[in-house]
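Got chain A; can you put chain B on it based on the hints?
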Amino acid sequence: MLMLENLNVRQGDFHLSANVDFAVGQVTALIGPSGAGKSTILSVIAGFYQADGRVLWRGEPITDLRPDQRPVSILFQDNNLFPHLTVSQNVGLALRASLRLTSDEQRHVDEMLASVGLLGMETRKPAALSGGQQSRAALARLLLQDRPVILLDEPFAALGPGLKQEMLALVRERALSDNRVVLMVTHDPQDALVAADQIALVDEGKISAPLPTREVLDNPPEMLRRYLGTNQ
Amino acid sequence: MVIALVLVLTLGTLLAVLWRAEGVGGLGRAEWAAVRFTVLQAILSAAASVVLAIPVARALSRRRFPGRSVLITLLGAPFILPVIVAVMGLLAVFGRNGLLNDAIALAGGDRISIYGLGGVVLAHVFFNLPLAVRMILQGWIAIPSERFRLVVSLGASVSTMLERPMLRAVLPGAFMAIFLICLTSFAVALVLGGGPKATTVELAIYQAVRFDFDLGRAALLAAVQFGLSIIAALAAWFITVPEGFGAGLDRVMPRWDGATLWARLCDVVAIAFAAAFLILPLSMVILKGVIGLSDLPVSVLPAIARSVSVAAVSTALTIAAAVLLSMRGGRAVGLASALPLAASSLVVGTGLFVVVQPVFNPAKLALLVTALMNALMALPFALRVIAPAFERVEADYGRLADSIGMTGWARVRIAVLPRIRKPLGFAAGLAAALSMGDLGVIALFATSDQQTLPLLMYQLMGSYRADAASGAALVLLGLSLCAFWIFDRGGRVDADA
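Protein chains in written order, with my numbering: chain A, 1 to 232; chain B, 1001 to 1497.
Isolated chain A (complex conformation) (with noise of 0.2 Å):
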């Protein structure tokens, strides 16, 4: 399980507050309006941004760890992928920062690579994919991290609706075989409905805990009823 205990962020006016668990063998998708602090969260719980409080896994403080050490793999909004190096080497990051890879590990990445549809493809550059190509690149080097929490921040933002529901299908049923936990930044509710167990609300610097996805969009909450616009 991984709890935010007591966590608090203070940037400026802003602030920001979480008490909540997410268990694993869940996907739990973040909704809320611009600037509630979203994203912030996945900063916090990713190492990126100090807060008071604790962030915990399976009861450990990962608090003072550094990004890297954390059992955690971000997939950012714009895909990350450098686009001077090959789709393999952007995959082979995941394994080995220096990309001085052994054979098993590029073995690794080759497996990986098929697996996301990618096969054939290990050469080319990133400005030589698809728009889905690249997301299933960066999807790749998240996956190949093998890390047990996977940070999802507004995932596949640029792809269309048939695409993107294609590569939330994918994180789900590649994360979740695993028993990861999974938490993803989204403001569309579609890509709830399509991809998360749960909802956690996240308004006004406050996090709420999360409800399943049916229950919560079938029975809209006040806040979630003015996000969406059908508050009448």
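Any given hint could turn out to be false.
[Claimed, not checked] Simulated DEER-style distance windows between Cβ atoms:
no., chain 1, residue 1, chain 2, residue 2, range
1, A, THR102, B, TRP1019, 55 to 61 Å
2, A, ALA209, B, GLY1405, 50 to 56 Å
3, B, GLU1391, A, GLY53, 49 to 55 Å
4, A, ALA209, B, LEU1005, 42 to 48 Å
5, B, GLU1391, A, ALA157, 20 to 26 Å
6, A, GLY162, B, ARG1384, 45 to 51 Å
7, A, GLN77, B, ALA1004, 46 to 52 Å
8, A, LEU99, B, CYS1266, 54 to 60 Å
9, B, ALA1276, A, ALA128, 57 to 63 Å
10, A, LEU99, B, ALA1156, 56 to 62 Å
Since the hints were derived computationally from the structure, they do not count as laboratory data.
All of these numbers come straight from a predicted model, not from anything done at the bench.
Cβ coordinates follow ideal geometry from the N, Cα and C atoms, glycine included.
Just chain B now, with coordinates in the frame of chain A:
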């Protein structure tokens, strides 16, 4: 480490000069005259550059014509042009036996002299008019097309509503930047100035050390020069150029205000003036240089070798320092960007001279010190290009690198260097070209067997070997442009692949 070296070389050398001065007297008449001339020529140069640049920038902003992009590229050339070469070109056009005086003589008039205040200002305008045009052109381009449409639809004046406010915002910054550059100008004053009425502080320092060996006077002048530069740098710091006129869609739009015959005429004259002012001297350098190549002395070859070696060492030092400082970021970058601009190379050179001289013959270290000085002087320009590129890479990939534990050399090698190749190549090109053409500290230290190509060229000019000097000027021009091209091109090849 790097920042400590910058501090030692700038402030430390100034203190060394003061310490060794053995009694710094007050400013005498000659020193005051140098201060007055320095400030006066800098004000006139900056004012003339900025005033002349306004119509040129306006014409470039509202006209599309064949060769426009070539002219804009050419506007960047004076920055990497060796000062002594440009002065040679200006002499060929405006000098006593230049094209202009020939034309005046043909018309029955008296020949005019380029030497003195007029010549110094003319040369500074040649170097800085392009800079002023580029700065002001940026201001014009930054006005969104929507603002022009709005003003025209309201029936208001483009000049009153848009251009004057933009110029009010941009001109002070442009003026101060050029004023600062002209304040520390040495080579121009060395060739075109001189004499009690046309001596800059920098030139006076050179004369005090080289001819009189009067360290007290040199120290005093060095302190004065540093003070002047600091005041000007602080003023330039506070006069910032605003971001622009808000967001627009960056559409190419017709300029209704430029459609009149008068406006067209003004623009044609402005563009023709700028093109002629830049191209004529350069063409003369090439023309006379080709003729003078056969008169080059044998000593040109070792001079070339020394210039290339100094430029190579200086470029390596500049880039290493800029990369290390950019990795560190923060105040170090700001400090290293400002201090060398305030400290002229002659001030630093004098400081090193007095430190080294008691224990070592400074002449033996002339080339090494020159390379070090050139690196120091190029550092602010290199940092201005490299540091923002570093910041962009960190902003784009820093979190990813953190999350996968990419640190140290691996981070630099994999994430940073490939992404900053272009600015790195450009900065290296700048550093190499600036060093190749430098005629500053080398003039202070070097003996006759240690000439770099600019110094050899200056000595050929001084001994009235005009053809040989022209040939050397062409070689130096070629070397400087080649050095810039090689590095800049090297940075661009496959940079986006």
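Results of checking the hints against the structure:
no., hint, verdict
1, A:THR102 with B:TRP1019: 55 to 61 Å, "holds, 60 Å"
2, A:ALA209 with B:GLY1405: 50 to 56 Å, "violated, 33 Å"
3, B:GLU1391 with A:GLY53: 49 to 55 Å, "violated, 30 Å"
4, A:ALA209 with B:LEU1005: 42 to 48 Å, "violated, 57 Å"
5, B:GLU1391 with A:ALA157: 20 to 26 Å, "holds, 24 Å"
6, A:GLY162 with B:ARG1384: 45 to 51 Å, "holds, 46 Å"
7, A:GLN77 with B:ALA1004: 46 to 52 Å, "violated, 40 Å"
8, A:LEU99 with B:CYS1266: 54 to 60 Å, "holds, 58 Å"
9, B:ALA1276 with A:ALA128: 57 to 63 Å, "violated, 47 Å"
10, A:LEU99 with B:ALA1156: 56 to 62 Å, "holds, 59 Å"
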